[in-house]
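Letter by letter, the chains look like this.
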Amino acid sequence: MDANGIIESLTPLVPGAAFEAGASVDFATVYVPAEHIVATCAALRDHLTFEVLVEVTAADYLPRDPRFEVVYHLLSVPKRQRLRLKVRVGANGSVPTVQSIWRGAGWPEREVWDMFGIVFDNHGDLRRLLMPEDWEGHPARKDYPVQIRKAAQTYEPLEVSEAEFRANIERDRLKRH
Amino acid sequence: MSEIRTETMTVNMGPQHPSTHGVLRLVLELDGEFIQSVMPTIGYLHTGIEKTAEQKKWQQVVPLVERMDYLAAQSNSLAYVLAVEKLLGLTMPKRVDDIRVLLAELQRLASHLIWLGTHAMEIGAVSMLFYAVRERELLLNINELIAGFRFFPSYFRVGGLREDLPRGFHEAVNAFLDRFPGKIDEFEGLLTKNDIFRRRTEGVGALTLEDAFQWGLVGPIARACGSDYDVRKYFPYCGYESYDFKIPIATEGDVYARYRVRVAEMRESVKICRQAIQRISPTGAFACDDTRVVPPPKDKVYTEMEALIQHFLIYSQGFTVPAGDAYVPVEGPRGEHGCYIVSDGSNRPWRVKMRAPSFMAIQALPSIVKGGLIADVVAVIGSNDVVMGDCDR
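Keeping their order, the protein sequence lines are chains X and V.
If you read the first sequence in the numbering used here, its first letter stands for residue 11, the second for the next number, and so on.
If you read the second sequence in the numbering used here, its first letter stands for residue 53, the second for the next number, and so on.
A few of these clues could be false.
Cross-link-like lysine to any residue pairs, in silico, SDA-like; alpha carbons within 25 Å at most [stated by the list, open to error]:
hint	chain 1	residue 1	chain 2	residue 2
1	V	Lys103	X	Leu20
2	X	Lys96	V	Pro115
3	V	Lys146	X	Asp36
4	V	Lys103	X	Asp144
5	V	Lys285	X	Gln91
6	V	Lys422	X	Leu72
7	V	Lys298	X	Arg92
8	V	Lys146	X	Val35
9	X	Lys152	V	Lys422
10	V	Lys138	X	Asp36
11	V	Lys109	X	Val156
12	V	Lys422	X	Arg113
13	X	Lys152	V	Gly74
14	X	Lys89	V	Tyr289
15	X	Lys89	V	Leu116
16	V	Lys108	X	Arg92
17	V	Lys108	X	Leu72
18	X	Lys96	X	Leu20
19	X	Lys96	V	Lys422
20	V	Lys108	X	His57
21	V	Lys138	X	Ser34
22	X	Lys89	V	Lys422
23	X	Lys152	V	Lys285
24	X	Lys152	V	Tyr289
25	X	Lys96	V	Lys146
Source of the hints: derived by calculation from the structure; they are not laboratory data.
Here the structure is a predicted model, which is why all the values come from computation and not from measurement.
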């Protein structure tokens, strides 16, 4: 089924959503408005047998506006078919999470937030996944500087100062006699 | 008498633990021997390969993507070159496709051997590792023969292969294929009916097909739950539709079922390799004839001006790829290795993204091991066959 066929069968299932067929060289691509992504994914899983979410990723098209595209690759095993959903997101925009449809969406969405800084609403666990937890910035963005030198950051290791160390020894000594 | 106080214990496992396959860290919350919750932490091996690839020319990305899943280097680069060729609209000569199929299947065998050796070792059968690595050595020798590299051959190129097959390639592959089926019997003789191995694996870490699909697990893990989904059959690439092979399935979904599926897969891979090596002539076309991508033959470079210019352009500026995006999946040893590339029409990729099967498998780990014994965690990690280079990229 090509993109127009999928849009035709999706339109009655997701009322009010304006779908748009995208150009592609491999399989059908459909642009979905961000506010309808959850309803669209539910319809695709329950009525059109797209039961596997293969991956969620994103691309930064700076300086285009809206800047980001979040890309969902879906798979229908019984129909031997693949589908790509794209959601356009602005620089400060956000997308609802599809974890309620596929539990496996949690980490890929976290990775997209980690790498691109795209917020997934109601995600519940939007923490750093691949980068250290105190990392600044989102490295896969096109305006992230590439050739910088920066000391690796991590949490402060468990360290005691010399004064604390001496106080500890003193305290232990007092206990012993 | 005062009441007995109980509390759960938090145990940190990894990132430097022998059975976490590299640098995976698990924070386990234990109730005695039973697992209440698991929190995996990843990212220790994150090297930003996808970001680095955006600074390279299209052809220079091949060695980079091979270093993601370091046990299945050539299935990464196969996905990448197929994706770029999809955007370029190239079709390969049949001989190139056959060589790619052969090398991809040998890569699957090499990866499954490491999986078999480490998985069995972690649950007590230490000597399996030596038997498995001994056979893998022969596969690494074949890699060395074709490319001079043992781990990361970078032999697949956009537009074909790096060079023609070396002399002695057919002999080396045939010698391996004659020897290997007997070795699989040996492995199975050691494990398949081994009472200790079965008690450690049967009924452990069971997963239903519905859950596997919910977590995005496709590949050997889903095939052990009863799915027959395999990219080679469902979305054939490189002419897989012309090979005669079966997709092994099991229905139990536990660690033992995954073991049986992967061992049966090795036998099928040998079948594919035998068919492929018969189709491959010792010399012939090793690249397509598109002059945008493939440099002209050396004798022309030395005698014709146009060929010299073309050679210079390809090696200095690289080639451009039409704007657009493509996702091409291949069936890697761990499941679906997919490469999503975006081009802006220039000589460097705009975005390269690998779909990592290990990433999804580690995400699903907490739900698989919850309620099980602490010793089962090791069995489940081994049977999910995770590679941290693939997971963290």
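Straight-line alpha-carbon gap Lys152 (chain X) to Lys422 (chain V), limit 25 Å: violated (40 Å)
25 Å Cα cutoff - pair Lys103 (chain V), Asp144 (chain X): holds (19 Å)
Restraint status (C-alpha distance of Lys89 (chain X) to Lys422 (chain V) at most 25 Å): Violated. Lys89 (chain X) to Lys422 (chain V) sits at ~33 Å, over the 25 Å cutoff.
Restraint status (C-alpha distance of Lys89 (chain X) to Tyr289 (chain V) at most 25 Å): holds (18 Å)
25 Å Cα cutoff - pair Lys96 (chain X), Leu20 (chain X): It holds: about 15 Å lies between the C-alpha atoms, which stays within 25 Å.
Hinted pair Lys298 (chain V) and Arg92 (chain X), Cα distance within 25 Å: holds (23 Å)
Given pair status - Arg92 (chain X), Lys108 (chain V), alpha carbons within 25 Å: violated (29 Å)
Pair hint Lys146 (chain V) and Val35 (chain X), alpha-carbon separation not exceeding 25 Å: Distance ~22 Å between Lys146 (chain V) and Val35 (chain X) Cα, so the pair holds.
Pair hint outcome, Lys108 (chain V) versus His57 (chain X) [Cα-Cα no greater than 25 Å]: Outside the cut-off at roughly 42 Å; violated.
Pair hint Lys109 (chain V) and Val156 (chain X), alpha-carbon separation not exceeding 25 Å: The hint holds at about 16 Å.
Pair hint Lys152 (chain X) and Lys285 (chain V), alpha-carbon separation not exceeding 25 Å: violated (38 Å)
Straight-line alpha-carbon gap Lys138 (chain V) to Ser34 (chain X), limit 25 Å: Holds - the C-alpha atoms of Ser34 (chain X) and Lys138 (chain V) are around 11 Å apart, at most 25 Å.
Checked against the numbered hints given earlier, the structure breaks hints 1, 2, 6, 9, 13, 15, 16, 19, 20, 22, 23, 24 and 25 and satisfies all the rest.
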